[in-house]
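S.K.: Numbering (the working numbering), first residue to last: 231 to 549.
Hints were generated in silico from the structure; no laboratory data involved. All figures in this text were calculated on a predicted structure; none of them were measured in a lab. Hints should not be assumed to be uniformly reliable.
To be verified - Restraint-style ranges between C-beta atoms, simulated for each label pair: (1) P457 - A391: 34 to 42 Å; (2) S525 - V261: 45 to 53 Å; (3) P407 - D375: 26 to 34 Å; (4) C319 - E425: 51 to 59 Å; (5) P373 - R330: 28 to 36 Å; (6) R530 - S253: 25 to 33 Å; (7) N518 - D395: 28 to 36 Å; (8) R437 - R530: 53 to 61 Å; (9) S499 - F529: 38 to 46 Å; (10) I447 - E425: 50 to 58 Å; (11) Q332 - A543: 19 to 27 Å.
Just so it is clear, CB atoms sit at the ideal spot from N, CA and C, and this is done for glycine as well.
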Amino acid sequence: MQALNRAAHWMEADDFLEALTSSGLERAKAVAFLDDALGNSLLQRFAPGAHDEDARAIALNRASASLAQQFLLARSHQQYLDYSLPETCGIEEDLMSAYRSQETPPPIFKDCDRPLKTVTLPAVREALPAVLCDEPDASENAPRDVRWLAEFLRAAVGATATLEDPVQGTLLLKTYPSGGARHPVECYLAVRSVEQLAPGFYHYSVRRHELDRISDIQDSLSTCLFPGFNSELVIVLTALPERAMWRYRETTSISVVLLDVGHAVGNFSLLCECEGTPYRIHTGANLNRAANYMSLEQFREVVVAAIALDLSARAKNGE
Numbered sequence: 231m232q233a234l235n236r237a238a239h240w241m242e243a244d245d246f247l248e249a250l251t252s253s254g255l256e257r258a259k260a261v262a263f264l265d266d267a268l269g270n271s272l273l274q275r276f277a278p279g280a281h282d283e284d285a286r287a288i289a290l291n292r293a294s295a296s297l298a299q300q301f302l303l304a305r306s307h308q309q310y311l312d313y314s315l316p317e318t319c320g321i322e323e324d325l326m327s328a329y330r331s332q333e334t335p336p337p338i339f340k341d342c343d344r345p346l347k348t349v350t351l352p353a354v355r356e357a358l359p360a361v362l363c364d365e366p367d368a369s370e371n372a373p374r375d376v377r378w379l380a381e382f383l384r385a386a387v388g389a390t391a392t393l394e395d396p397v398q399g400t401l402l403l404k405t406y407p408s409g410g411a412r413h414p415v416e417c418y419l420a421v422r423s424v425e426q427l428a429p430g431f432y433h434y435s436v437r438r439h440e441l442d443r444i445s446d447i448q449d450s451l452s453t454c455l456f457p458g459f460n461s462e463l464v465i466v467l468t469a470l471p472e473r474a475m476w477r478y479r480e481t482t483s484i485s486v487v488l489l490d491v492g493h494a495v496g497n498f499s500l501l502c503e504c505e506g507t508p509y510r511i512h513t514g515a516n517l518n519r520a521a522n523y524m525s526l527e528q529f530r531e532v533v534v535a536a537i538a539l540d541l542s543a544r545a546k547n548g549e
């Protein structure tokens, strides 16, 4: 056990074998144990000279692959409703009613407590921005200001309608699909250069179509996630799995969350492509660093994606 505790640190294979044999284990058995541990991903093998950060990244990737395999195996035994069969009619409504009798569904929107400032965004006149309505000239020379940002957010993740569900209560429909209309994704913005908007870190309230200013921090987040890229605006997407878990129990809920994230990222990507705005998408393992800047409620809200926009490059191209 002492040898395993020592192995929690970064060790050479020979040092690990020595630790095993010094604990009284025969060398042949120690070698067999090491081979089994490596084969079962209990230990990780790294290239000589690898830096600790690189080694940790490799370990995370390999561990994630192992966890993904376990997850898929667990899902292989999951029971699903086949809605093509007549006998499934009404089963889901009964399930939702049973869930509601046990607990109240978590809210499907977030409002920040005590924001430094609330910015009311201009009302959006059209359902889609001009760039998506065969009117490219209307957006080529448009300034990247608060009105542009209002249309951009509304088209990507904005609310389109509300729906009263007899079981789940009020549901908020958005511009991208969501499993069960639970919408576990929230949107934050690190603003460095948007006309008529002070630099800072904001939360986008979809329900109110407003920005809640959380802090003045914005450069640190851009440097952390997108080094070397001129990030005038960074959009950070988080997920609150509890919203989907209320409706989709057991292992299926995380799949619903990830699908929602993909839809939201796809909308932002489509808008940037249509406008000709240079952008970068980040979904890497070091997104947990971003959470340190955001004061998120641990284990309830996690950072899942970030999109950086170079608005100055877009403005130069339009001149």
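S.K.: Where does the structure disagree with the numbered hints, that is, which hint numbers, in rising order?
M.R.: Numbers 5, 6, 8, 9, 10 and 11, in rising order.
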